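Residue numbers (my numbering), protein chains in the order written: chain U, 1 to 101; chain D, 1 to 101; chain E, 1 to 101; chain X, 1 to 101.
FYI, nobody ran anything at the bench for these hints, they're computed from the structure.
Here the structure is a predicted model, which is why all the values come from computation and not from measurement.
It cannot be assumed that every hint is accurate.
Identical copies look the same in the list; a pair holds intra-copy or inter-copy alike.
Derived EDC-like pairs (lysine to aspartate or glutamate); straight-line CA-CA distance at most 16 Å [stated by the list, open to error]:
#, residue 1, residue 2
1, K27, D89
2, K27, D51
3, K57, D88
4, K65, D82
5, K27, E96
Protein chains: 4
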Amino acid sequence: MYVLMDIMVSPSGVGVSISPYVAMCQKIFEEAGLTHSMHGYGTNVEGEWDDVMAAVKRCHEDLHKAGAVRIISHMKLGTRTDRMQTMDDKVSSVHEKMIAK
Amino acid sequence: MYVLMDIMVSPSGVGVSISPYVAMCQKIFEEAGLTHSMHGYGTNVEGEWDDVMAAVKRCHEDLHKAGAVRIISHMKLGTRTDRMQTMDDKVSSVHEKMIAK
Amino acid sequence: MYVLMDIMVSPSGVGVSISPYVAMCQKIFEEAGLTHSMHGYGTNVEGEWDDVMAAVKRCHEDLHKAGAVRIISHMKLGTRTDRMQTMDDKVSSVHEKMIAK
Amino acid sequence: MYVLMDIMVSPSGVGVSISPYVAMCQKIFEEAGLTHSMHGYGTNVEGEWDDVMAAVKRCHEDLHKAGAVRIISHMKLGTRTDRMQTMDDKVSSVHEKMIAK
């Protein structure tokens, strides 16, 4: 089951600047070989369900080890059975509709 | 790693009424032996990380089998290392602050 | 336009315990005369769009005044044109499907 | 009060393909003169609180007029008092941490 995920990881108890922790998760997605793309409010990640979920778990584990006392991740998980679709397909589809107007 | 989750499962391609599908997920959480509590915009679920994630996966798999062409789940996943906390603890904590004022 | 909202307000720069801040928002929803119900990961709030949004804005303003340097609110906003529906209706609808099985 | 928002608009009762509706919202953000950037799971939008919220409301109103029976928007709203920050600043901050490692 292929999944398109969006994830925003929020560690707390580490001060206002959380970018070093977000960078750690980016590295985990990278090392897991998952397609990923950061935006202003999270990261789009795609791949096989078990691989993606293993990376999310490692993200929580590693951030706790790095000192985050409390972590909340906000996630969107999308699966579909009608056809294969990537993140790029989704964005392209909207762009086509905008040009068509 | 104990996790407090909030999940809202949105199947599409099945018409406007999604309550039968939400009910299927409730049953999955129940059968998995996880503490869970439904509210107007999702379900609070708590338990060990792997057990909770296995239930979420089964939820997507079963809803696809039941005819949902596309599913998006919106989730919050909270873990902490300082102390054990349940969903009830979280709600109680806010109520105490409200009474104190 | 009637809206069913779910909101989780996360102040940062105020330590790990955020319950006093969550309690402040509860009081704002109460004073605004909005139907609201807290759960383990947020609060369901319902009412006219403008009233609900005014309360959310006041929530951010008051928490900043109370010392929160940074606030992120995670919200779900649902509107529909086919029929009037309350939060209680949504939960009841799922419960009926569970009993029917 | 300046706000950094992420929004994912999900109309239902309009079939599986929602891209024409997402394109309508993009146009609304554009016409409102708000800085916005689409990604695979939503759109980052930034501006003054009242301008951003007016655009979100117009988005729900216009999509209902266009035939969407039911709409759920998932939003993140971030405000801060310590310093001005744009979406680009947020992404740059993480990139710097990744290079530093």
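- prompt: Failing hints, ascending?
  reply: As far as the earlier hints go, 1, 3 are violated by this structure, in ascending order.
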